[in-house]
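Novice: Protein chains in written order, with our numbering: chain A, 1 to 322; chain B, 1 to 220.
Read the hints as simulated data drawn from the structure, not as lab findings. Bear in mind the structure is a predicted one, so any value in this text is a computation, not a measurement. All residues carry an ideal CB built from backbone N, CA and C; glycine is no exception. Don't take every hint at face value.
Ranges of calculated distance between the beta carbons of each label pair, as one might list FRET restraints [what the hints assert, rightly or not]:
1) B:Trp-19 with A:Asp-30: 36 to 44 Å
2) A:Phe-294 with B:Val-198: 30 to 38 Å
3) B:His-79 with A:Lys-33: 26 to 34 Å
4) B:Ala-71 with A:Gly-297: 40 to 48 Å
5) B:Leu-30 with A:Gly-248: 27 to 35 Å
6) B:Leu-30 with A:Val-32: 17 to 25 Å
7) A:Phe-53 with B:Ala-71: 20 to 28 Å
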Amino acid sequence: MTTATGTKSRASTPRDKTPDSHDFPTRSYDLVKEFTIALVVVIVLTGGLAAVFSSPDEKSITMSTWANQAPNDLIATAAAELAGTSVSATYGAPYNTNSDGQKLGPLSLQKWGGVRLPVDSAGLVLGPLAAVSGDSTLSSALATWKSATADQQTKWATDYGDALSKAPDGDPTKVATGDYGPVPDMATGLLRLAKTGGLEGILTSSGNFYGGDQTQSLLLLSDGAYLEDQARARNLGGDQWGMMNETGNYPGQPWMWLYTFWYQIPPFSTSDNADAQVWGLMMLLTLLLMFVPFIPGLRSIPRLIPIHRLVWRNYYRRAARR
Amino acid sequence: MTTRTDSPAPGNTNDAGSWTLRLRSRIVGLVPAGQALPDRQPIYVASWIYVFGVLTLAALAVVIISGGLLAIGGVAWWHVSSLGLFVNSLHLWSVELFFGFMVIHLWGKFWMASWRGGRAMTWITGMVLFLTSIGAAFTGYLSQANFASQWISAEAKDGLNSIGVGAFFNVLNPGQMLLWHVVLLPLGVGALTVIHVVLVRRHGVAPPIDAADPSMEKEA
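Start from the sequences, fold in the hints, and give me the full structure.
Specialist: So, in structure tokens, the structure goes:
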């Protein structure tokens, strides 16, 4: 059958001798019945899998959980935020200009994105503490902090962070004696606030009753070690195929396997620019697959590896008899 | 209802400047007559591999319906309700099936070189559809409001920030991610699905590699 509306399939290249599909003999084919049966099969499969395996829903980590389960980590994180040495403080775009960020070869793509989500790492501590009332020790510590020079503030916080890293288990009660200014009181104040359950609320609301942006609270949480420790315990680390894994025994996102794969092998597994490099590689591979119809050699692979002869074995058998 | 007998029959008008007529002609001409929902297929369409395209469409329907039910209950519903958890499970497993069927469909079409005969755009729209679906699923994981969302967003931000995308697509903002998940990306998946299926119906199913041209055989 030829088409009456002039939409016969055209050859994509001069060498493409693919005939028009509408010229071939036809056989009865009930598309509606096929879709209906497929829909029933999918509904039954989905319902069965949902009934048997359910779905994972591990509760989120609250700041209160963090403060109670890993108080030393929260104290160290607070000191790092004040010192400007935390991951987010030294991140670069889109949060600040303290680093050029990752590069893809000579391309500073991260930097070019710009600082569109400005985050002051010290503000992750100072902002919530400013909202606390009725704590004279904390009020005094904040007043001392504000009256000090920036260099002095950095020195106090850096020295305290170093002392914490040398203390047994990072225990604040076991740090070496030193001049840490108001930083220990401020860090302890943040710990107390976190234990009350009010920290994430202050960080996410930003003065708005409807807080819907967790950028600051997630940055603070991920600056600590507790979140990553919990994730690694569940095999969700970047070097544990974590980008395609899911909590519990669930399939996760297996369609991300190739993206995840590159993080497991050198040079990506040891590169400071691994994220940009993996993204670049995946973009290249995706473009190759997307435009395979136009790429000589690649587009001939299906012809050279004749899996298609299995698909159309009946057709080829009939054609050979003619 | 009565009809005016003196009105020109469709297509017989000389009103060449009519935008309506041009649009109608364009829509009607998208697919050959009788091919939008044909009851016959070329004889070579006889393999289980052809079923996976339809299975993908069926799974997409279940994904949309289960997602719609979740939307009725709201963001927190499935965390506190056993019925909500079951609906979330339906959504999760239909997504897993959707991707499973789609990947088999994609590789089936690759090994059949189904871009031949002017079908390159069918292949490309399918690939873009696959990528858009990955984005839709990814934002779904970010919108769960649980531990997985926290960890995935904390990790994903580094990847997206490294290429400058994170400045505009903030995975740490679940409000933004939820809107991408339930509005923008489903619209993209839906539109691409329609375009892809129209292209399949427009060009028909790709013939076997090196198949003889039946029109030439008839002439011979």
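Novice: Indicate, hint by hint, whether the structure satisfies it.
Specialist: Now the hints, each set against the structure:
1. B:Trp-19 with A:Asp-30: 36 to 44 Å: At 38 Å between Cβs, range holds.
2. A:Phe-294 with B:Val-198: 30 to 38 Å: Since Phe-294 of chain A and Val-198 of chain B have Cβ atoms about 22 Å apart, the given range 30 to 38 Å is violated.
3. B:His-79 with A:Lys-33: 26 to 34 Å: Violated: the Cβ-Cβ distance is about 40 Å, outside 26 to 34 Å.
4. B:Ala-71 with A:Gly-297: 40 to 48 Å: holds, 46 Å
5. B:Leu-30 with A:Gly-248: 27 to 35 Å: violated, 46 Å
6. B:Leu-30 with A:Val-32: 17 to 25 Å: For Val-32 of chain A against Leu-30 of chain B, whose Cβ atoms are near 20 Å apart, the range 17 to 25 Å holds.
7. A:Phe-53 with B:Ala-71: 20 to 28 Å: The hinted range 20 to 28 Å holds for Phe-53 of chain A and Ala-71 of chain B, with Cβ atoms some 23 Å apart.
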